[in-house]
Each structure stands twice: as structure tokens, then as C-alpha cells.
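Enquirer: Each chain, written out:
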Amino acid sequence: MSKLTGAEIFVKCLHEEKSTTVFGYPGGVIIPLADQIHKEKSIKFYLTRHEQGAVHAADGYARATGDVGVCIATSGPGATNLVTGIATAYLDSIPIVAITGQVKSTLIGNDAFQEVDMVGITRPITKHNYLVKDVKDLAGVMKEAFHIARTGRPGPVLIDLPVDVQIQKTEFKYPKNVSIRGYKPTYEGHLGQIKKIMKAISKSSRPLLYVGGGVILSEAAKELTAFAKKTNIPVTMTMMGLGAFPGDNRLSLGMLGMHGTAYANHAVQDADLIIAVGARFDDRVTGRIDKFAPNAKVAHIDIDPSSVSKNIQVDIPVIGDAKSILKEMNKLAEKKSYTAWHKTIEKWKKELPLKYKDDNNVHPQYIIEQIQEITKDKDVIIATEVGQNQMWAAQHYIYSKPRTWISSGGLGTMGYGFPAAIGAQIGKPNSLVFDIAGDGSIQMNIQELATAVLNKLPVKIIILNNGYLGMVRQWQELFYDKRYAWTVLAEDMDQMCPDFVKLAESYGAKGIRVKKKAEVKSAIKEAIKTKGPVIVDFWIEREENVFPMVPAGESISNMMHGLA
Amino acid sequence: MSKFVIAVLVENKFGVLARVAGLFSARGFNINSLAVGETEDPDVSRITLVVEADEKILEQVKKQLNKLIDTIKVEDLTDGEYVDRELILIKVKASGVTVREKIVSIVDSTGAAIVDIGKRSVTVEESGNEHSIKALIELLRPYGIIEIVRTGKIALQSDK
Ligand SMILES: Cc1ncc(C[n+]2csc(CCOP(=O)(O)OP(=O)(O)O)c2C)c(N)n1
Ligand SMILES: [Mg+2]
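Chains as they are written, first to last, in our numbering: chain A, 1 to 564; chain B, 1001 to 1160.
Derived from the structure by calculation, the hints contain no laboratory data.
Note that the structure is predicted; figures quoted are calculated from it, not measured.
Be aware that one or more of the hints could be misleading.
[As the list claims (entries may be wrong)] Restraint ranges, calculated between C-beta atoms of paired labels, are given here:
1) B/Lys1013 <-> A/Gly28: 22 to 30 Å
2) B/Gly1022 <-> A/Asp283: 16 to 24 Å
3) B/Arg1150 <-> A/Arg288: 40 to 48 Å
4) B/Ile1148 <-> A/Ile108: 34 to 42 Å
5) B/Lys1013 <-> A/Ala112: 22 to 30 Å
6) A/Lys44 <-> B/Glu1059: 44 to 52 Å
7) B/Asp1079 <-> A/Gly28: 52 to 60 Å
8) B/Glu1059 <-> A/Ile108: 35 to 43 Å
9) A/Thr106 <-> B/Thr1098: 56 to 64 Å
10) A/Lys196 <-> B/Arg1150: 20 to 28 Å
11) A/Lys196 <-> B/Val1083: 55 to 63 Å
[Claimed, not checked] Calculated lysine to aspartate or glutamate pairs in the DMTMM-like style (CA-CA distance at most 20 Å, straight line):
12) A/Lys184 <-> B/Glu1075
13) A/Lys143 <-> A/Asp248
14) A/Lys531 <-> A/Asp377
15) B/Lys1063 <-> A/Glu328
16) A/Lys133 <-> B/Glu1052
17) A/Lys184 <-> B/Asp1043
18) A/Lys133 <-> B/Asp1043
19) A/Lys401 <-> A/Asp248
20) B/Lys1056 <-> B/Glu1075
21) A/Lys173 <-> A/Glu16
22) B/Lys1062 <-> A/Asp304
23) B/Lys1003 <-> B/Glu1052
24) A/Lys195 <-> A/Glu328
25) A/Lys136 <-> B/Asp1043
26) B/Lys1063 <-> A/Asp315
27) B/Lys1056 <-> A/Glu16
28) A/Lys525 <-> A/Glu373
29) B/Lys1013 <-> A/Asp137
The C-beta atom is built at its ideal place from N, Cα and C for all residues, glycine as well.
Construct the entire structure; sequences and hints are all you get.
Expert: This is the structure in C-alpha cells:
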């Protein structure tokens, strides 16, 4: 058998894993790998303009396609630039494999040039990580890394690869199977527990499905939708769960939690049975924990045992894969009318809808609704930044399919949306991809405009420009006597820096500015018509707030509804 | 906060101890003692930890320990029956003959042993459970303890 270099083996492994789309940025100790990838036409490599762009793009690619995203950076500063992106993927359970170059294995521990202990740094933000000290281990590590990233509760895996290991030679043999005795995720749910849930449902008069990102990760949206429809049980989704159930179905209550709909939060508080599927009772969902769902028995379906009874005491846990468990549940499902329950919910929906001031000013909610209206018959992916823009995009766009909503939930990473949109566009070339952005967040990874322009990726950046770090300003308005410490990006909009239209143009993208409500629709249409990437800079009502809002740490019954 | 004895069976590889310890330190839990050693299977190490922790949070830590890819098994020995041992070396002041004789008689009556005799001190060794070790320390304390070194606790579930 002929011998291959570590770099050659690496590329072979990518083929074995059918992961031939790679994002990255070079540096001294990753040149052998870059060189090999460069030689192989079969690997599609995207050079970003910042390592953070590469890792978020890999993450966006993974969220849009369901495949593992791959990114590569050099050692030291290149590697540490990945950290925010790895943590972002970790908190949202997104499967990525990140490869970092490392100094020569004989120099490790010497404070060598551009040496950092990446395995140490990423230990708490990866599902698992590896330092490969011998080229003989590389193929096995690659096999395990992809396996760990995509199975069980998915997550990021980091491989730290010293430069000499990339050059050393060995025989290549890709392991057929992975066997890790400490890692055997449970997929099949316990039938007795499943029956307990079904029994609880049959006894319940106010059941509610509370659905999280786990349903999307396990490709269980179809089964979940079938179950809700079969049983006639209303559905509320976490931000990560948007798209798991069609938002326009009469059973949908939209998102719950801090900026959830009033009717979703009331339903949680009034339900006598909550069936959580692939959701983790995050504090943004539960608000004050001892006041959460006070009347409800709680069933929890999750693949990760450590999610169960972590925040909320669960009455009926079922450990396993949402898809296979929902399949079982569908076999046992029976229709019930829950007439009174649905009537109550309808009443809440009518009395407490999402609303905003419908005047002639440019309201961000209106912009989102117009995007929805104009793209109705298209395959759309909405990525977002973080802040008010993200919440308006979550509330006012109706997601009907999984993997069409791409947003940093657990970490809330400003600067995530645009590179993630780039990754999503590469993974789904026929989709129309938007990044709903804030004027603050977009500046955190704006350099990727070069990546989008040069690779002809027609991502549409919709800046909801309020000249503020709006979400923080909202908290300051409501809880800090309007002292806008550190949150004013522009004293008045004419002083907005940068000029996003000129910025777009300087990158060779199109820039459109909108200051009037009457121009909103035509600007969106023009952006869609344009072939390449576009920035639409909407100057919105500056002090618009996101409502409803549950103040941090309060019961989700205590919603502020604003003035509208 | 109370004391817990946790045993974790892990892959005998570099970096694993740091993963285990990291789950405690990230939550601000102090590890009171720690013992690591190979088991009957040389690919498997056993980590025995004594930690002071909040019970509810420790439940979460145990689940997180189980979640580590390199963890094979987690045992909480706190409530069950188990045998435990640790080893202690105590250097005690012992200059006069009478003092030395008294220390020898303490050592004889407790099952400890004198393992080193110096000009002005003797070093006593004992292996035992926490209780017997504590008793020995108290018996020797009046003579003036110069230095103590002890291993972490090791423990095995009893199958009574
Ligand atoms: C990297 C990072 N830094 C800081 C924050 C805290 N933060 C949350 S929202 C927000 C304001 C975002 O401003 P902008 O992008 O303009 O969005 P807006 O809320 O105005 O829509 C800030 C600073 C964060 N989430 N991420
Ligand atoms: Mg803003």
C-alpha cells in the first residue's frame, strides 16, 4: 500500500464523509493542508475574510442543509478567531468540524510562535475535541469527529492538527465503523414512557406541544406536524424551533418566551399538559422558573439526558430521537376536540395579536411582513443577526418549513447572520437568502461582503437601521430611565457611520436606501431582482421596541405589551 | 453544600482528567480530593473524586460527566455502601526517647506503621478510611505535626 501525507489523508476523509464544501483562512502552519485542498478540484473551498466568517458560514451551511459544516483556520490568532463561532454552534447543537493548524508537535508547550492550546480553549464549547499527534491517528480521528458531530445531540468538534502531522506519511485506511464505548446515544424511546405520554394526553383537556430546535435537528418536522394535526394539540415553538411546524396552521401559536406571542405564553401558563419535544426550557423561554406552567404536567422528549429535569422537574421523560419517538406516538395518536381549550386560545389570539403602530413611518415589522408577502411563492431562507432585528424577524415572518430560519439562539452572537447566510446560500443555491440585520450587528462581519461578491452569492442584507444597538437601548429605555449608555451608534441618522449604500458599492455590491414607507416594497423587489448581493439600508422608526416583552427573570404571565 | 464521592471510569488518554475536572471548576465546585489510576483494564482509568457541591447542581454534573465522550461510567458512591481507603504520611516531632516510645505505642494500637525515623522526627504511615485517619491525626497532634501528605480517596462499591 502506498503511503499518503496527512494532508492527503485529510482530503480523502472529506470525500469519505461527503463533506466537500469547506470554509477557511490560511496561515503558516496550515499551508500543507491548504496546498492539498487547492490541488483537489473536487473540494469546493471558500476563502472568507475573517476566520469568524468561516466558522459561521460552516454553521449556516449545516443549518440550511443538515450536513456537517467544515471550516479550517491556522494556529494562534486564526484559531482563536474561531472561538465565538464554535461556541455559537455548541449552544445551538449544530454539527460542525473545525480544523485548526497547530505548531510542530515537537514545539507544543514551548510558547512557540502562534501557539495556543486550542484543545484547552475549546474544551467547554465543543462536543469533543482532538489533538492529533501522530499521522497514523488522523483517519480514525476524522471518522470519529464527523460521527460525533452529527449523531446524538449534534455539536461542534475541533481537530487540532500540527503542521508536521500534515506532512508525515502513513498508509490510509478509513475505518468502516466507529465504536466509542462511552458514546452510544439512545435513539429509540422507551415504549412504556411513550405510552405514559399518550395516556397523559388522553386525560388532558388543555395540552400544548412545546417544540424546540431538536425537532429540526432530528429531521422530525414532518412527524411532529402529523402528530399535532392528528391529535389536534396546539403548538408553540422556541426561537430555535421556528419552522418545525407551519406557522400559518391554525394550531400554531408562534414563538413563546421573552418575546413570544401573548397567546403562546398564556397557553403555557394555562396548559394542564406540556409536551416538550427537543427543547430545553431555556431561561429565555421559561422566565421565572417557579412560575412557569404552574398547572401543567410536563412530558419531555429529548436525546440528551442532561437536558431533562435540568431547569424544570419533568414528570414523563423520554430519552431518544424525536423523529423515531414521534413516529411511535403517531401510531397511538387519537383525535380529540379540546373545544373549550381551542376557544380560549382563539380568544387570546383575537384579543392579543402581535401588533405595531400602523402609520406612515417605516416600521421594521412592516418591512418583514412585506418581505413575506413579496416572496410568498419562493423558497426563502431567513438568517438574522442579533437584537431587535432578530426578534422582529422571528415574530413577523411566518416560517412554514424547517431549515428556513437561521439564527443564533443560545449564544446570541452579533455578526452571525451574514456569514451564516453566505453558508446557507452555498448549501442551498436555489433559495432566496436574506440576512435580517441590525446596523450594529452587520458591522461585526461586514468584511464578508467581499466573499459574497467574489463568489457571486446573491444574499440580500436587510438592515433595520435604527442608529442604535436597539435591543440594549430598549432595556435601557424600559429599565434604566432611558440612559442610553454605549448604545447610540448615530446621534441623528444623517450622521450614520458608515454609509451602508456607499459601503456596499465599494465592495461591488448594490446598495439601496429607504427612508419612506412607500418605498419599502419596491426596494425589496429591486433587491430580489438584482443578481448579486445587495444591502438595503432601511432607516426605521428609531425607538421602535419589541413587544410583547417579559422582563428578565419575571413570570411569562407578566408581559409588557407596549403602546401599540 | 455537602460532600459527595464520585467515581468516573474513563478512557485512559491524555486530556481526559482536564475534561472531568473542568465540569466541576466551571461551576465553582472545589474538588477536595482526587485519585486517578489504571483499572484491571489498562485502557480504562478510574477517577475518584470527593467534592463539595450543591446536590441539585451535582445531578447535572453527573449527567454532564456521562455526556463526555471519554466517560464510560459514572458512579455516585455517596449514599450506597462502599469501602474506601486513603493513604497518609504524617511527620511528627519526636526528639526524646519517651516521646518516641509513646508514638510507637500509638502506632501499634492503630495499625499504622513507622516508615522513617529521623533525628528529631518520625514519619507514620497509615492506610484507612477517612474516620480512622482522622483519629490517628488527632492522637498524634499533641506531639506536634510537622507535615502531612495524603492521597485522594479511592473507593469501591460493596456488593453486600
Ligand atoms: C457579539 C455580541 N456583543 C454584544 C451583544 C449584546 N447585544 C445584544 S443585542 C445588541 C444590539 C444589537 O444592535 P443592532 O445590531 O443594531 O440590532 P438592533 O437591536 O438595533 O436591531 C447587543 C449589543 C451580543 N449579543 N453579541
Ligand atoms: Mg440597531
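Enquirer: Each hint should be assessed against the structure and marked as holding or not.
Expert: Each hint, compared with the structure:
Remark: the range hint 22 to 30 Å for lysine 1013 of chain B to glycine 28 of chain A is upheld by a beta-carbon distance near 29 Å. At about 23 Å, the CB distance of glycine 1022 of chain B to aspartate 283 of chain A agrees with the hint of 16 to 24 Å. For arginine 1150 of chain B and arginine 288 of chain A, the hinted distance range of 40 to 48 Å is satisfied, since their beta carbons lie about 45 Å from each other. Checked against the hint of 34 to 42 Å, the C-beta distance between isoleucine 1148 of chain B and isoleucine 108 of chain A comes to roughly 36 Å, which is consistent with it.
Here the CB-CB span from lysine 1013 of chain B to alanine 112 of chain A is close to 24 Å, well matched to the stated 22 to 30 Å. Restraint check, lysine 44 of chain A to glutamate 1059 of chain B: a C-beta distance of roughly 45 Å satisfies the suggested window 44 to 52 Å. At roughly 54 Å, the beta-carbon separation of aspartate 1079 of chain B and glycine 28 of chain A lies within the given 52 to 60 Å, and the hint holds. For the hinted restraint 35 to 43 Å between glutamate 1059 of chain B and isoleucine 108 of chain A, the CB-CB distance of approximately 37 Å keeps it satisfied.
A beta carbon spacing of about 60 Å between threonine 106 of chain A and threonine 1098 of chain B agrees with the range 56 to 64 Å that was offered as a hint. The hinted window of 20 to 28 Å between lysine 196 of chain A and arginine 1150 of chain B is violated, with their beta carbons roughly 48 Å apart. For lysine 196 of chain A and valine 1083 of chain B, the hinted distance range of 55 to 63 Å is not satisfied, since their beta carbons lie about 39 Å from each other. The suggested pairing of lysine 184 of chain A with glutamate 1075 of chain B holds, with an alpha-carbon distance near 18 Å, which does not exceed 20 Å.
With a CA separation close to 41 Å, the supplied pair lysine 143 of chain A and aspartate 248 of chain A exceeds the 20 Å bound. Our distance criterion of 20 Å between C-alpha atoms is met by lysine 531 of chain A and aspartate 377 of chain A, whose separation comes to about 18 Å. Distance check on the hinted pair: lysine 1063 of chain B and glutamate 328 of chain A sit about 26 Å apart at the alpha-carbon level, beyond 20 Å; violated. Note on lysine 133 of chain A and glutamate 1052 of chain B: the hinted pairing is violated, with a Cα-Cα distance of about 36 Å set against a maximum of 20 Å.
Only pairs whose Cα atoms come within 20 Å are accepted, and lysine 184 of chain A paired with aspartate 1043 of chain B is accepted, the gap being roughly 18 Å. Note on lysine 133 of chain A and aspartate 1043 of chain B: the hinted pairing holds, with a Cα-Cα distance of about 18 Å set against a maximum of 20 Å. Pair hint lysine 401 of chain A plus aspartate 248 of chain A holds up; C-alpha atoms about 11 Å apart against a cutoff of 20 Å. A threshold of 20 Å between alpha carbons decides the hint, and for lysine 1056 of chain B with glutamate 1075 of chain B the separation of about 16 Å falls inside it, so the pair holds.
Taken as a hint, the lysine 173 of chain A and glutamate 16 of chain A pair is honoured in the structure, with Cα atoms around 11 Å apart against an allowance of 20 Å. With a C-alpha separation of about 13 Å, the suggested pair lysine 1062 of chain B and aspartate 304 of chain A falls inside the 20 Å cut-off, and the hint holds. For the hint pairing lysine 1003 of chain B with glutamate 1052 of chain B, the CA-to-CA distance comes to about 4 Å; that is within 20 Å, so the pair holds. Between lysine 195 of chain A and glutamate 328 of chain A the CA atoms are separated by roughly 9 Å; this keeps the pair inside 20 Å, and the hint holds.
For the given pair, lysine 136 of chain A sits about 19 Å from aspartate 1043 of chain B by alpha-carbon distance, which is consistent with the 20 Å threshold. Restraint check for lysine 1063 of chain B and aspartate 315 of chain A: satisfied, since their Cα atoms lie roughly 18 Å apart, inside the 20 Å limit. As the CA atoms of lysine 1056 of chain B and glutamate 16 of chain A are separated by approximately 43 Å, the hinted pair breaks the 20 Å bound. Proposed proximity of lysine 525 of chain A and glutamate 373 of chain A is supported: the alpha carbons are some 11 Å apart, at most 20 Å.
For a cut-off of 20 Å, the pair hint linking lysine 1013 of chain B to aspartate 137 of chain A stands: about 13 Å separates their Cα positions.
Hint violations for this structure: numbers 10, 11, 13, 15, 16, 27, all remaining hints satisfied.
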